[in-house]
Each structure stands twice: as C-alpha cells, then as structure tokens.
Amino acid sequence: MTDIQADIDVLPGLDPHAPLLEVTDLHVEFRTQYGVAHAVNGANFRLGPQETLAILGESGCGKSVTAQAIMGILDTPPGFVTKGEVRYRGIDLLTLPENQRRKVRANRIAMIFQDALSALNPVYTVGFQLSELFRVHRGMSRQDSKRRAIDLLEQVRIPAARSRIGDYPHQFSGGMRQRVMIAMALALDPEILIADEPTTALDVTVQAQIMGLLADLQQQRHMGLILITHDMGVVADVADRISVMYAGKVVEEAPVYDIYARPAHPYTKALLESIPRLDMKGQELSVIRGLPPALTNIPAGCAFNPRCRYAQDVCRHDPPPPPYAVAPSRTARCHFFREVLADE
Amino acid sequence: MSDVVLETRGLVKHFPITQGIVFKTRVGAVRAVDGVDIQLRRGETLGVVGESGCGKSTLAKLLVGLEKPTAGSIVVRGQDMPKLRGGQLRRARRNIQMVLQDPYTSLNPRMTVGDIIGEPFEIHPEVTPRKGRARAVQELLDTVGLNPDHINRYPHQFSGGQRQRIGIARALALKPEIIVCDEPVSALDVSIQAQVINLLEGLQNEFGLSYIFIAHDLSVVRHISDRVAVMYLGKIVETGNDTEIYERPTHPYTQALLSAVPVPDPKLRGRRDQIVLEGDVPSPADPPSGCRFRTRCWKAETICAEQEPPLEIRPRSAHPSACHFAEVREVLGTA
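First to last, the sequence lines map onto chains A and B.
In this text, residue positions in the first sequence follow this note's numbering: the first is 593, and each later residue adds one.
In this text, residue positions in the second sequence follow this note's numbering: the first is 2, and each later residue adds one.
Take the hints with a grain of salt, since some may be wrong.
[Unchecked claim] Simulated pairs of lysine to aspartate or glutamate, DMTMM-like, Cα-Cα distance not exceeding 25 Å: (1) B:K176 / B:D103; (2) B:K84 / B:E178; (3) B:K268 / A:D823; (4) B:K268 / A:D935; (5) B:K84 / B:D4; (6) B:K69 / B:D38; (7) B:K268 / A:E643; (8) B:K268 / A:E677; (9) A:K738 / A:E724; (10) A:K738 / A:E643; (11) B:K268 / A:E936; (12) B:K62 / B:D116; (13) A:K695 / A:E677; (14) B:K62 / B:E184; (15) B:K300 / B:E248; (16) B:K268 / A:D832; (17) B:K300 / B:E331; (18) B:K62 / B:D81; (19) B:K84 / B:D116; (20) B:K62 / B:E178; (21) B:K268 / B:D287; (22) B:K62 / B:E123; (23) B:K300 / B:D287; (24) B:K268 / A:E724; (25) B:K25 / B:D4; (26) B:K268 / A:E865; (27) B:K268 / A:E789; (28) B:K268 / A:D808; (29) B:K268 / A:E931; (30) B:K25 / B:E68.
[Said to hold, decoys possible] Computed footprint of chain B on chain A, listed as stretches where at least three residues anywhere in the stretch have a Cβ under 8 Å from a Cβ of chain B: (31) 789-801; (32) 877-884.
Note that these hints are calculated values from the structure, not bench results.
Where a beta carbon is used, it is the ideal one built from N, C-alpha and C, also for glycine.
Use the sequences and the hints to build the structure in full.
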C-alpha cells in the first residue's frame, strides 16, 4: 500500500503561509427536471487556524451545500459547482484531480454530520469503521489500527472504550454516536473540521456535552472549525465569526459580538428578533413575513426584498447589493445597512 | 377550583416488554408515564418540558385518548375519560384535540385541505350540518391565516409553516376547549416558528382555549406557557409558574436543563453557570431506585437511593419540587 501520508506533503502548490481556507465567489446549482435550483450564489468566507466560523441560516439557504462543495462530496449530477474557488493553503481544491482531492479529505479537512445513525454504516462495528481509516489512509496493520481506534474513542470520552469497540452503531445512544463520528473525523488529525448541525438531533443536556467536547478538541489540536447551524444560541456560545446565509448568499459577515449587539442586515436583525429567549419573557414575537424564496425562482435585486421592512425600489430593481464594508472585517449585503445599524 | 378543565390523577402508562413468539411472557415494562398529576385551567397554557424519552409524547397520547392508561384517571368536565365507551367517549373527545409535531407526515397527501379539515365533521356530524361544512372549513382556513380559496389544494402545495396551520385548523374544527400541542414548532425554521407561536397565542385569546404545550425547546415553552411542568423518566419533577421554574428552579434536573440551553448573547459567554450532566438518561424499563435523577445528580446521597422524593412544596422550595435537597439556584445569570 502506498503511504499516502508521505505524498500529502507534496501536494502541488501547497503554501504553508497561505490562508487555511478561503472560499471565493462559490456558485452551486442543482439541475433538476423542475428547473435549475441556485443553491449557492456567491459565497465568500475565510477561516484561520483555531478559528470558529459559524454559518448560520434557515433550511434551504445553501449552508449544507456549501459544506459539501468544500468537502467535494456534492451529488453530481444533479449538483454542479459552476463558479468560484475553494482554496486550502493556496491550493484550489475544485480543480484538483480526484485522486489528490481524496488525500485532502479526512487528512486535512474532515466533516461531521447531523444524523450520526445514518452517517455510520450499520453493518460494521464502530471499531472496524474507525480502524479502517488508519488501514486505508495510513497503511497500518489491523492491530495497530485497532489500538489507535481505542485511543480515539477515549479522547472523545466514551466510557469503557476497549469493550465498546466491538459494538454496532445502533447500540450507542444518540450522544455517544455523535462522539463516535467526531472520533472518526479527527482520526487523521485534520486542520479543518466542518460540523454540519452536529447537535440538532440531540437533547440540550447532551448538546452541552458535545459542544464542550468539540471546543476542547479544537483547543488541543488548533483546528479551524466551521459550524453550520440554525441555532443562534449555540453560535453565540462558541463562534468567533458568523456568516449569515440567505438564498445562497452570505448576506452578513461579522465578529460574533458585533452581530448580536447591532446587526447590519435586516435579515439578521429579523432572525434575532424572532427567537424566543429564555432570559426574556417577551410580548408578541416579531415575525418575518412571507416565506424564504424558492431556489428555482430567486427574486430579482436583493433576494430578501419581498420580506424586508427596509426595502425600497432600489432593492427590487438594481442588481443585488454588493458586500458593503460596514466596519473593518465586517460586511453586509444591504443598501441600507446604515439605517439598519442605527435602528434599535 | 371550579375552572379546572382537565385534571389527571396518578396517570400511569406501562408498555409491556414480552419475550417468545408463540407463548409470550411478560418480562418487564417500559414505564413511559409513571404517576403524573396535572391540572389545566381555562384559558391557561401548561408547558411540559423534558428530554427525549421522558414520556412527554406518551402523556399527550393518553390525554387525547390515543393510548389507554394502565392506571389513573383523566377528568374532563367531570367525566373520567378512560372509563367512557361508545357514543359518550366520542362526544367527550370532541372537547380535546391535538396538534401533531411533523406537518409533513401528519396530513394525508391524498386528501385535499378541505377534506382534511372537514374530516372531523364527518366523524362528529352533529357539530355542523352537512350543508354548512364547506363554509365552516373556509372560515377555519381564514382563522388560521390561510387563503380560503385554497380549499381544494393538496398538502404538498403548502410550505411547512402553512401545513402546521392546516393541522391547527383541523384541531379547531370541533371547537374544543383543550388543545394538546405535541412539539408543534420543532420541525419549523425560526422565522416560521414565530408565526405559528403568535397564531397559537392569538387563537387562545380569541376562543379562550386551554393548551397543553409539549416541547423540548425551553425558550419556546417559556414564551407561551403560564405554568410549566418538568418531566424526567415518566415523572414530573418540578412544577410551577414560568418565573418560578425559570428564575427560581429548585430541582437539580431543572437547573441542569436550563443551564444547558444556549443563550443567544455572546456577552454571557463563560459567565453563565453551566451545569454539564454526565451520561445519558437511564432506560425507562429499569429506572433507578428512589429518585430517578440520582444517577446523574451531583447532590445525590444515600437517602436518594432509598426514598423516592414526592412532588411537594418544601422548606426551600415555594413551589412543588421532587427533590430531597430542593434549593433555589439561579442559572440564567444576568438577564
């Protein structure tokens, strides 16, 4: 077996001083029999080592598709990346041939999914699935790889790891399964971890355990973490920066403190106002009227204009607003960001 | 109190665990609901919270009569629901309706919206005469904020939030006094969730409805509820009005649950008093002796394994709490 670890360092174009991950103007579309669905329409963001970037948005805003495009696990067809760059340390992953891209996956960029029960293979034991990574990617022997698998399960704090290695995924509880998946993602020491709704299917007490575990592991390993979620509470607890997505675009990007204190995009503002908060018993919840747009038929101009209370003619007729610089390292795609910022 | 519309006493539901194919022998029971007493007053919302597997949904099914209780009573308008049969049961059921969690699977895809909302009238023909039914359905659509002209559309032509409105219209059709909402907004996006919560609150004011609101999202429950009951492994461990539960919780489980909810405010990061529970919920087929929470509790002592703490007002808890060491602990921090 070839030693993949040796080749990985000779990836052509790898520049250790380039940004860890940089996504520029990413476009993804799905060609279906009902028309072309524009799932991602120009996503931009950047991730540094040990940084946590949260991608926040409602269902259908393109956040999971963005992650799949970065990982190179998009269903093609019907999904196609039509434009843009995903640069890992200077290498454009989208133009990389599949055999080299495979070395990046799991070795450099790993991903965990929402539903651990369907992400793990039900007919193999957890130990087999974990040690498979070492056997295939590192060419280790069965014994060595099994030892590594036990180590990993201990690192994600699974009690009695040695005896649980022979169990099948259905024998674990929801929280424990999510730990197994985290172990699997971390097996090959990736520099970037993408977590797609890692705690959505879990109860709050277990969610707190898992988020705590992820934070500790990130600290130890200096990983960059992309957290994809719709839960604004989880984001407030862990993120450094936030990208808010709507209809396939990043409509606002900002450091976490700024965005919660004073949102600059009307969509972010409306989202923040529509969540019931535990520490505040509000009156009537404010509501975002209407529905998110169908991705086959995104409104002209700013995609949010039909639901926006700041919308004027320019929002409906002019080309979509560019990412205006609201402050240093903070952007918002809204013509009226000054008004939004000024509003209480 | 005279305006109690629903009351349960010692409500129990055990699901048998059997072994063998030809000769089934009972080897145990899953104690899904194990002695629950609740009271619901007119125009009030009682929130029920707890983690998955604590018996919330079984409780909902018992209340609307979809499951028969193993023991205990459910009294609605002076009648003990589990004892009713035939026509009496059918009439009594009119009064208590349910909104289900998943608006994608709880509506029949082959029925039009008009048929779905009108079906309760078929089963209870005495409520609305046949002639007036189409009209009644249109009024219901209007009440829940849907276009009355869409009566002939099918569920797939509606979005998630709109479908949940259809489910709510169906529950309203028989003009019930009580609606049991089992996780009505957990399948919806935040912006849509707010619309449905506002609708439920509006309907409550308009028709004087009483809600049992079951959810795992504590923020949503706080927003909508007047009183809250916290469930753990088939039992209610603490109950009180919303400020008592959220600002002065006395049961360790409530405290842990509240502290685990992320607050959407980064300024509170690291300043909250977070209690992270170890381990998972024990199996309801074999619950721990004494207090069921003791296996995950940081206050547990020998008495907890020996004596089951009753749900009652205690020296350090002004509202009922089922903990030997009940004591107020503020967990939400600076609000």
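| query | Hints broken by the structure, by number, lowest first? | reply | Hints 8, 10, 19, 21, 24, 25 not satisfied by this model.
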